[in-house]
Amino acid sequence: MTSSPQSDRSALRHEPSSPQPAISLRGVVKRFGDITAVDGLDLDVPEGTVMGLLGPNGAGKSTTMRMLTAQSLADEGEISILGHPVPRESKWARSLMGVVPQHDNLDEELTVEENLRSFTYLYRVPRRERAAAVERALRIAHLEHRRDTFTEKLSGGMRRRLLIARGLVHRPRVVLLDEPTVGLDPQVRQELWGLITALREEGVTVLMSTHYIEEAERLSDEVALMAKGRIVRRGAPADLIAEYAGRTVEEYAVGLDGIEVMEKTLHAAGFTTRRTGSALSVLRAEELPDSLRDQLGSGMRRASNLEDVFVTLTGEKVE
Amino acid sequence: MTATRDTAAPAATDLRTRPRGFEIAPILGVLAREWALYRRIWAPITFSAIVEPVLYLLAFGMGMGALVGTIGGYDYIEFLGTGIVAMSVLFSSMFPGLIDTFVRRRFQHTYEGVLAAPVDVRELVTGEALWIALKAGVYGCAPLLVAIGFGLEPTWAMLLVPFVGVLTGFGFALLGILLAAVIPSIRTVDYVISGLITPLFLVAGTFFPIDQLPGWAQTAALVNPLYHCVELVRGFAFGIDVLAALGHLAVIALFAVVVWFLAVHLMRRRLID
Ligand SMILES: Nc1ncnc2c1ncn2[C@@H]1O[C@H](COP(=O)(O)OP(=O)(O)OP(=O)(O)O)[C@@H](O)[C@H]1O
Ligand SMILES: [Mg+2]
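Going line by line, the protein sequences match chains V and C.
Letter by letter, the first sequence follows residues 1 to 319 of my numbering.
Letter by letter, the second sequence follows residues 1001 to 1273 of my numbering.
One chain only, chain V, in its complex shape (with noise of 0.2 Å):
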């Protein structure tokens, strides 16, 4: 994982970078009959990072990613992608764009081959580049060897291999991932990971939507917090941590009977408290005094992780 697979971009991505964002939404609202998926989101994706999209089910996060290729269309506010107005310039952006979406869109009809040579013309891969293109993300994708095999008798993990690879098939500068380690092992899905950090140092823009908040923790320079079609914090997974989690947390086993009030114990102290089944789980639980430890028992210290903020600032458990 340390080669990169665009390292013939990099020349142009010396020139001086642009002023504005690789994505940009401005007020953005989405409504689909009484639901508003979407509910005035503002977010900037500055060109070459990795962002990070969090957020629990239904959020909004599918909806915000269609919006960006222009196959949902915002009811309000403003889209644009490198400098293109969507869905006013929405083909060139998509141009510039690939694409791996939450649910698997695979030609079902073609080969693995086949699939990546069909989506070579559609980004308009000049033909003398076609055949390259294709070797490449057949590497990318590990499938070399099954080339010739229709996508429906690959296993799930290949497939999600496939739909990876072929996003990547036009070497994009923006990169959108909707939840794309979703059914790998995890050696692929490591793998992957140090494919998106590649695509960084070539700086691709990578917008990521996951579940997996070690995921997001780890490969993001900002995560995003969704939740009811908007942006509730944004920033770096270190500050965000440190903002509301503070450095540690602590975990009591405190039962059941218990549970309840201990929470308000601790609430009334000024404390952010979670519940993992039985336990409860103390934020910033190194400000915690010796009274009220006295109190919970013996307990458990861990650092604390972007998953506590993420709770705590949707209110919701995720997975």
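The set of hints was computed from the structure by calculation and includes no laboratory data.
Do not take every clue at face value.
Residues of chain V placed beyond 12 Å of chain C at every Cβ, according to the derived structure [as the list claims (entries may be wrong)]:
(1) D42
(2) E76
(3) E113
(4) L154
(5) A227
(6) H267
(7) T272
(8) L296
(9) S298
Residues from chain V shown here face chain C by an in silico Cβ test under 10 Å; the list is partial [unchecked claim]:
(10) L106
(11) E114
(12) R166
(13) R274
(14) S278
Output of the computed footprint for chain V on chain C, the stretches with three or more beta carbons under 8 Å from beta carbons of chain V [stated by the list, open to error]:
(15) 1033-1045
(16) 1098-1112
(17) 1116-1126
Using N, Cα and C, we set each Cβ at its ideal position, and we do this for glycine too.
Start from chain V and add chain C with the ligands according to the hints.
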């Protein structure tokens, strides 16, 4: 998921022209996909597209021909051969337009992927319809060749038949696509087949001349694009004056234009939310 250094290929994206408006490149992209698929599945498609009309032609031509003798001075098999060209065009354009498009949209989500690329709904619909039309134009010639084998006099004008087939096929492919965007489930296809496709080819003068039909049916035939296709093909075989030919052509072209707009509109409503 291995990242690989690949210095052979330069950055394609940045060198590319600026995609805007209605373009040829995405249509070619859609055709390329169809071609990749067709290269593998051409045999059964070709078999049914050729054998079916030929069987009709032989069975009706010989069976009915013995009873009917001639129609308008032509052997029945010649009359029928020219008519079945149109039937063949209808079947090989409307069925794929309806069924393939429905399956790809509804079950395979193929178009979701296509529209995330720099392709718009107009280009997608045009590409799909054009591919089907090209096939229909080629396959539509099979019955004509068989009729020639049975004694139909070849004419130069017959060289225009594939073009008429492509134009008519384009219109009916779009009609199929339009309906694929409207029907709620695959079961509804039966309504379309019995309620629309069958009447279309019965009231077109394929198997028998329409002047035997009641007045309302004759009027219906005049707005049936397939009737105009039949008239053109027959005209190219037996002689037709230029003005009449242009008139028939205009009806088919108008039909194609109208269904193009409708198909694009309805598909966009289904695919973009
Ligand atoms: N085409 C549609 N028609 C009607 N409602 C829709 C449509 N697409 C999305 N929604 C609704 O919009 C809301 C946001 O959905 P969206 O798929 O964007 O959420 P998400 O954040 O991606 O969730 P998940 O994590 O489960 O993928 C949901 O309430 C969903 O039901
Ligand atoms: Mg989603």
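Beyond 12 Å from every chain C Cβ - status for V:S298
holds (43 Å)
Residue hint V:S278, partner chain C, criterion CB-CB below 10 Å
violated (39 Å)
Report holds or violated for chain V covering the stretch 1033-1045 of chain C, Cβ cut-off 8 Å, minimum 3 residues.
Per the Cβ count (3), the hint holds.
Taking the shortest Cβ-to-Cβ distance between V:E76 and chain C, state whether it exceeds 12 Å.
At about 15 Å from chain C, V:E76 clears the 12 Å cut-off, so the statement holds.
Against chain C, is V:R166 within 10 Å by beta-carbon distance?
Holds, because the Cβ-Cβ distance from V:R166 to chain C comes to roughly 8 Å (cut-off 10 Å).
Identify whether the interface hint at V:E114 stands, where standing means a beta carbon of chain C within less than 10 Å of its own.
holds (5 Å)
Find the nearest Cβ of chain C to the Cβ of V:E113 and say whether that gap is larger than 12 Å.
With a cut-off of 12 Å, V:E113 comes too close to chain C, as the shortest Cβ separation is near 9 Å.
Is V:D42 truly not at the interface, in the sense that its beta carbon sits beyond 12 Å from all beta carbons of chain C?
Holds: least Cβ distance 22 Å, greater than 12 Å.
Status of the hint placing V:R274 at chain C (closest C-beta pair under 10 Å):
Interface hint status for V:R274: violated (33 Å vs cutoff 10 Å).
Quick check on the hint: V:L106 CB to chain C CB, less than 10 Å?
holds (7 Å)
Would the non-interface assignment of V:L296 survive a Cβ cutoff of 12 Å against chain C?
V:L296 is indeed farther than 12 Å from all Cβ atoms of chain C, at 44 Å.
Decide, holds or violated, for the assertion that all CB atoms of chain C are farther than 12 Å from the CB of V:A227.
The claim holds: V:A227 sits with its nearest Cβ about 22 Å from chain C, beyond 12 Å.
Hints 3, 13 and 14 from the earlier list are contradicted by this structure; the remaining hints agree with it.
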